[in-house]
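Residue numbers (my numbering), protein chains in the order written: chain A, 1 to 420; chain B, 1001 to 1420.
Hints are computed from structural coordinates only; laboratory data are not their basis.
Any given hint might turn out to be false.
As the list claims (entries may be wrong) - A few chain A residues that face chain B, going by a derived Cβ cut-off under 8 angstroms, partial list only: (1) Gln22; (2) Gly33; (3) Thr37; (4) Ala41; (5) Arg54; (6) Gly290; (7) Val312; (8) Ala318; (9) Arg351; (10) Thr352.
What the hints assert, rightly or not - No farther apart than 20 angstroms at their CA atoms in a straight line, the calculated lysine to aspartate or glutamate pairs in the EDC-like style are these: (11) A:Lys87 / A:Glu55; (12) A:Lys107 / B:Asp1371; (13) B:Lys1107 / A:Asp371; (14) A:Lys87 / A:Glu51; (15) B:Lys1420 / B:Glu1253; (16) B:Lys1279 / B:Glu1417.
No residue lacks a Cβ here, since even glycine has one placed at the ideal position from N, Cα and C.
The chain contents come next:
Protein chains: 2
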Amino acid sequence: MVAELINTGTELMLGRVLNTHQHWLCRRMADIGYPITRQVAIPDSGSAISEAVRESLSRAELIITTGGLGPTSDDITRERIAQLLAKPLTLDNATLDRIQQFYRVRKIVMPERARVQAMVIEGARIIENQHGTAPGLAIQVQPNNVRPDGKPALLIMLPGPPRELRPMFSESVVPLIKALLPLSDSFVCRTLRTTGLGESLIQERIGDDVEPLVSAGLDLGYCCGPSLVDVRLAARGTQALRMVADAEHIVRERIGSYIFGVEDDELPELIVRLLTERKQTLTLAESCTGGFISHQLTNVPGASVVLPAGLVTYSNAAKSTFLHVKETTLAEHGAVSEAVAIQMADGARERTGSDYALAVTGIAGPSGGTDAKPVGIVFVALAGPRGTVVRKYFNPYDRQTFKQMTAQQALEMLRRELLK
Amino acid sequence: MVAELINTGTELMLGRVLNTHQHWLCRRMADIGYPITRQVAIPDSGSAISEAVRESLSRAELIITTGGLGPTSDDITRERIAQLLAKPLTLDNATLDRIQQFYRVRKIVMPERARVQAMVIEGARIIENQHGTAPGLAIQVQPNNVRPDGKPALLIMLPGPPRELRPMFSESVVPLIKALLPLSDSFVCRTLRTTGLGESLIQERIGDDVEPLVSAGLDLGYCCGPSLVDVRLAARGTQALRMVADAEHIVRERIGSYIFGVEDDELPELIVRLLTERKQTLTLAESCTGGFISHQLTNVPGASVVLPAGLVTYSNAAKSTFLHVKETTLAEHGAVSEAVAIQMADGARERTGSDYALAVTGIAGPSGGTDAKPVGIVFVALAGPRGTVVRKYFNPYDRQTFKQMTAQQALEMLRRELLK
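Construct the entire structure; sequences and hints are all you get.
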């Protein structure tokens, strides 16, 4: 199946915004068995849109466009595609009603230009927009139109704002694609998320055992992030479900303790969920991660219940004032040491009365390293009902990667403790 | 000038990674006057690369590819393009020496496969890689080759890792493009970064005055982020420099106090620089932003010198324990109140002895709002040598946007105080 994605937007071409649609849609399409084979971004001006759609129609059975369906003058996707397909645009009264209702509820006068969003290309289905005004459109392009190869194609137009596009895609577009372009073979995809083992070590541990499945057609892929490796298992055909299940069984048997989740799971969400279920609390004491762990956890709704406090204690004085780290320990071992990490965790736990405390102290760089304590060194301490433990890690990377890896390692220490 | 960007990588097509190259390169290219007119992403398998390059050659005078120059079996960009251009690949000894040296310095045995990175397409220039092994390549494609229109094109191949690509681009590729494809007209671009005014208010304040310049050819654009509007001024031709300077003068006259920086400036960098210059310190007391402001500031190298501590005090108990907020104030006004914000800031400043303290308390949502204090309400207090001030903001958006807007507002309060 040739499936292509066309992102429109001059702000993309000027490098003003990140193309998150590409990332999000490619991930979803791959996971349902329709990987995008080509993605194109073009400005929303001139003839770029018609040219890009015409080219895609010459190759692809499935084409998704994003952007250009709104009410302003640079929203020209709908018109350009209607022209290209030589189909008229007609006003859809039910859609106009919904758009008027959208403005009425918000007590805003509907601008005249907003009516254009109720125009529908002849023969297109309307994909309702629950979170905005512009509906999506889906049209089956017949071979007698602009298709050179005599095969029909499915062309789907989605609005640009992610909060509108994402629910429309999940709720309406996925079922539509599956109904109109059924896969000839069944497709199964499973992602296992691991932390704590490098890609090559994982390959070493599981490679030989999954090899027969790979030879039989299993698609085994790795994707690495900071202190993170996703193991992606995918297969097509009548045996797909069994093959992926067998592969998952092998991976779990070999490296199960390193798997923290599946699909889109993230460690911060998992930690907040585990603590919430147990009605337990966590306090953070961060030095070199500078509040990043706290930021990650507080991105999760409901975090305030399980996280009474997080302390970013950069200076020695702050470590003593807020965490009661002893000045003699700081003088004797230095701020970046096992002993100080332990006292930070113990102090944080004691001062808030929380069930657990995580403390990190290290050297994020680029400066501040020494031969004995080079840039990248970090101590992570975990205090809890069963006592306090400390581990040393070495993350000699740029500041942001250092923070991400250290946060992942610290949260993983807590995950393992919570699941003991 | 038609300029196209081709990003290769199967991980892009599976939606495993964000395409940051597109964002970064499009921004740089636009700012030097060569905006990318089309960007394409394709998998690094099969014939997709040769097809995409062939198509781009039929349209563009300038083509940049990213990825596929490394030593592994899916790094096929170099070979596929050599085939397409019908040019041989030959080993470049100086490049091989550099690659061998790269491994020797790191005390790693060079894998045999790494040699392939020293292969050069006949007629190509080598773009040295100071941060990795694979050099970039630049080749002028002659019309007698695969160009249908009889015009030569410049084809530039860059390696995938951002920490290799970015310095190569800035140091070597920009001068090369300017030398080999000089713009017929001079081009000037200037971005003014503002915070605190919405896009429509900015348009209202500057629109009439810049209108004559826009009519004369000035390109005026706005790009909005959370509590942020970039005003982009660009012009071509002999009058470009004067037009952009005149426009900047008008914008600064009308909304100068809202401009915090130019080009890629960010508020956290600016705050760390201002505090460093003045040898002053800042303590943070965050509730609803959950450590995000602290995280942003500590992303800046050198932040540890000016930021002794950041306190994330979610619970009332933590506000009392660490910031000495009075229990009576919490009981009387609630945690989300002017009175508590002021006590948080005063407490943070007093307890660390820092010159300034910023405190935020609000309701990030999605739950926790009331009629009197709805989701999105936030109080920001700033304590400093000149006393303590507090402001109320309303940011009724999702959690992440709420954090970003509030952080921007808090740092802007401090910027204005520091520049008084």
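Status of each hint after checking the structure:
no.: 1; hint: Gln22; in the structure: holds, 6 angstroms
no.: 2; hint: Gly33; in the structure: violated, 12 angstroms
no.: 3; hint: Thr37; in the structure: holds, 7 angstroms
no.: 4; hint: Ala41; in the structure: holds, 4 angstroms
no.: 5; hint: Arg54; in the structure: violated, 13 angstroms
no.: 6; hint: Gly290; in the structure: holds, 3 angstroms
no.: 7; hint: Val312; in the structure: holds, 4 angstroms
no.: 8; hint: Ala318; in the structure: holds, 4 angstroms
no.: 9; hint: Arg351; in the structure: holds, 6 angstroms
no.: 10; hint: Thr352; in the structure: holds, 6 angstroms
no.: 11; hint: A:Lys87 / A:Glu55; in the structure: holds, 18 angstroms
no.: 12; hint: A:Lys107 / B:Asp1371; in the structure: holds, 19 angstroms
no.: 13; hint: B:Lys1107 / A:Asp371; in the structure: holds, 18 angstroms
no.: 14; hint: A:Lys87 / A:Glu51; in the structure: holds, 17 angstroms
no.: 15; hint: B:Lys1420 / B:Glu1253; in the structure: holds, 18 angstroms
no.: 16; hint: B:Lys1279 / B:Glu1417; in the structure: holds, 15 angstroms
Hints 2, 5 from the list above are not met by this structure, while the remaining hints are.
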